[in-house]
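Asker: Protein chains in written order, with my numbering: chain A, 299 to 792; chain B, 5 to 99.
Because the hints were derived from the structure by calculation, they are not lab data. A hint or two may mislead.
What the hints assert, rightly or not - Taking lysine-lysine and the DSS-like style, the derived pairs with C-alpha atoms no more than 30 angstroms apart in a straight line are:
hint: 1; chain 1: A; residue 1: Lys353; chain 2: B; residue 2: Lys79
hint: 2; chain 1: A; residue 1: Lys390; chain 2: B; residue 2: Lys79
hint: 3; chain 1: A; residue 1: Lys538; chain 2: B; residue 2: Lys96
hint: 4; chain 1: B; residue 1: Lys79; chain 2: B; residue 2: Lys96
hint: 5; chain 1: A; residue 1: Lys442; chain 2: A; residue 2: Lys715
Claimed, not checked - Where chain A lies over chain B, by a calculated footprint (3+ residues, C-beta under 8 angstroms):
hint: 6; region: 20-32
hint: 7; region: 47-55
hint: 8; region: 80-88
Heads up, the beta-carbon is just placed ideally off N, CA and C, and yes, glycines get one too.
The primary structure of each chain is shown beneath.
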Amino acid sequence: MLTGLTIAEAAAGLRAKKFTAEELCLAHLNAIEALNPRLNAYLTVSHSQALDQAKAADAALARGDAGPLAGIPLAIKDLFCTQGIRTTAASKILGPFVPPYESTVTANLLRDGAVFLGKTNLDEFAMGSSNMTSAYGPVENPWKRRQNPDAVLVPGGSSGGSAAAVSAQLAMGGTGTDTGGSIRQPASFCGIVGMKPTYGRCSRWGVVAFASSLDHPGPFARTVQDTAILLRSMSGYDAKDSTSADVPVPDFAAACGRGVRGLRIGIPREYRVDGMPAEIERLWQQGIVWLKDAGAEIVDVSLPHTRYGLAAYYVIAPAEASSNLARYDGVRFGLRTNGDDLRDLYERTRADGFGTEVKRRILIGTYVLSAGYYDAYYLRAQKVRALILRDFTDAFQNVDALLTPTAPSAAFGIDEKTDDPVTMYLNDVFTVNGNLAGIPGISVPAGLDTDGLPLGLQVLGKPFDEETVFAVGAEIERAAGFTALPTLRAGATQ
Amino acid sequence: MSLDPATVRRIASLARIRVTDDEVEVLRGELNGILGWIEQLNEVNVDGIAPLAGATHAAARLRDDVVNDGGYPQKILSNAPDGTGEYFAVPKVVE
Numbered sequence: 299m300l301t302g303l304t305i306a307e308a309a310a311g312l313r314a315k316k317f318t319a320e321e322l323c324l325a326h327l328n329a330i331e332a333l334n335p336r337l338n339a340y341l342t343v344s345h346s347q348a349l350d351q352a353k354a355a356d357a358a359l360a361r362g363d364a365g366p367l368a369g370i371p372l373a374i375k376d377l378f379c380t381q382g383i384r385t386t387a388a389s390k391i392l393g394p395f396v397p398p399y400e401s402t403v404t405a406n407l408l409r410d411g412a413v414f415l416g417k418t419n420l421d422e423f424a425m426g427s428s429n430m431t432s433a434y435g436p437v438e439n440p441w442k443r444r445q446n447p448d449a450v451l452v453p454g455g456s457s458g459g460s461a462a463a464v465s466a467q468l469a470m471g472g473t474g475t476d477t478g479g480s481i482r483q484p485a486s487f488c489g490i491v492g493m494k495p496t497y498g499r500c501s502r503w504g505v506v507a508f509a510s511s512l513d514h515p516g517p518f519a520r521t522v523q524d525t526a527i528l529l530r531s532m533s534g535y536d537a538k539d540s541t542s543a544d545v546p547v548p549d550f551a552a553a554c555g556r557g558v559r560g561l562r563i564g565i566p567r568e569y570r571v572d573g574m575p576a577e578i579e580r581l582w583q584q585g586i587v588w589l590k591d592a593g594a595e596i597v598d599v600s601l602p603h604t605r606y607g608l609a610a611y612y613v614i615a616p617a618e619a620s621s622n623l624a625r626y627d628g629v630r631f632g633l634r635t636n637g638d639d640l641r642d643l644y645e646r647t648r649a650d651g652f653g654t655e656v657k658r659r660i661l662i663g664t665y666v667l668s669a670g671y672y673d674a675y676y677l678r679a680q681k682v683r684a685l686i687l688r689d690f691t692d693a694f695q696n697v698d699a700l701l702t703p704t705a706p707s708a709a710f711g712i713d714e715k716t717d718d719p720v721t722m723y724l725n726d727v728f729t730v731n732g733n734l735a736g737i738p739g740i741s742v743p744a745g746l747d748t749d750g751l752p753l754g755l756q757v758l759g760k761p762f763d764e765e766t767v768f769a770v771g772a773e774i775e776r777a778a779g780f781t782a783l784p785t786l787r788a789g790a791t792q
Numbered sequence: 005m006s007l008d009p010a011t012v013r014r015i016a017s018l019a020r021i022r023v024t025d026d027e028v029e030v031l032r033g034e035l036n037g038i039l040g041w042i043e044q045l046n047e048v049n050v051d052g053i054a055p056l057a058g059a060t061h062a063a064a065r066l067r068d069d070v071v072n073d074g075g076y077p078q079k080i081l082s083n084a085p086d087g088t089g090e091y092f093a094v095p096k097v098v099e
């Protein structure tokens, strides 16, 4: 089946004229039509634009000037502005918004010939770890528990729609954004690969802002190599993002075959948390054995401030969000609810337009930035952030990469963990410090739990050394031999 | 530190989000839960540590201080809920 190919296989097949980009696109659009009403992974399917892009890719392939992603069908998180295609951030407040411009990352993918199947669901403004805060309904994880196949599980979040789409073969790859774990955690929950590059590697221009110092665009795919292929296209210096890194973009895919012989892999002892299932601990130990067997040297390391990362994040991210989301005023774009005067218009628009989690975070952010509390909360959290970066910098004096679990659990039920916001926040305990420090990280599917649900391992690396992260990730992928497929996927009989 | 209803209303007012009395009570519980959990940051010794505002590992590049974009008001207004001519429109502000 065309939908089951990897990006590398599809690119080769297109060039060998085994099938056309139009056929590849139609196979995916048909699969979306069949499964998306249930999964709710796509909020918008850009049917006609996708077919136009596929035909253009076929023409470029025939001419011999096709880009590296010519004809490759992708899912785009509905946080990336796409010119002429509605972009909602899964919020009511952006419900009517049609961007007159294209984000840099999606423009880079289009430049290389990619086909955009549509815009995928997410937690509202990327604030969540379950995709349940979307104003347009939750996403169903295509994976099912063996013992209880009727239970609806979450795909993780915030990039849950892209992760579910790639997992269910409704796209070959996709884009996500990762502010506290929003690419890596859903990749782990959906049994696919997700990569958060170094801060500054992918431009944030045209990506709806949540927390600007923590937001990282990045790719999803079903193999480490495919993820590397996508990242190369997405990356690059952009004058329109003042934090964009002016550094060369290497051939990340080439690094996937490097192996790990001679690499020093750190195992941070603080990444063991209370209540973590024993099978995640076992999988982590298995990962250590795999890397050791492949010639890596395993080193015990300490990141002493690990446990404070999440609390620092829940000061810094809401603070930045309260500032970034001030722009939704009902005047310039998006939803408007009329009021008695201008202030009343603002207050009613924002009350109607934002969901409960977004309101909570704006209020927390407003509070920690307000007079009298700034030093106690915001400044202190920024100092803890400095200590977390120092932990990593110290560890990387001695090791080339770190190996940890991606998330403290497998995918959970859609009705679990909803009563207390802090319980939901704990999903990001292993991923969030990578955002605070801005270092690259990947989640690779490494095994199944006893329910038959996928679990990921995370590799973290030095700033701008995504190549080592890909090399280690590819080694885990080879050793794990993960071939399990989700219950709900293109072409599977339900 | 525990938020009282008046403080929740003041924060909501600063954030320009209208809240009902029922919402104030629910938010008070949730915000206090989150702030209570954040208190753990007080366990960390941060003496002499400079605050870190961002995760940028590359030096920022400067550009010439020139206007390099703009001049398309209709494109900007295309998403406005209300507009007139080349302007956004809002309820009357000055009597």
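Asker: If a hint holds in the structure, say so; if it does not, say that too.
Answerer: We went through each hint and held it up to the structure:
1. Lys353(A) with Lys79(B): holds (29 angstroms)
2. Lys390(A) with Lys79(B): holds (22 angstroms)
3. Lys538(A) with Lys96(B): violated (35 angstroms)
4. Lys79(B) with Lys96(B): Distance of about 24 angstroms is within 30 angstroms: holds.
5. Lys442(A) with Lys715(A): The given pair, whose Cα atoms are some 18 angstroms apart, holds under the 30 angstroms limit.
6. 20-32: This one holds; 5 residues, not fewer than the three required, reach chain A with a Cβ under 8 angstroms.
7. 47-55: Satisfied; 6 residues make the cut.
8. 80-88: holds (count 6)
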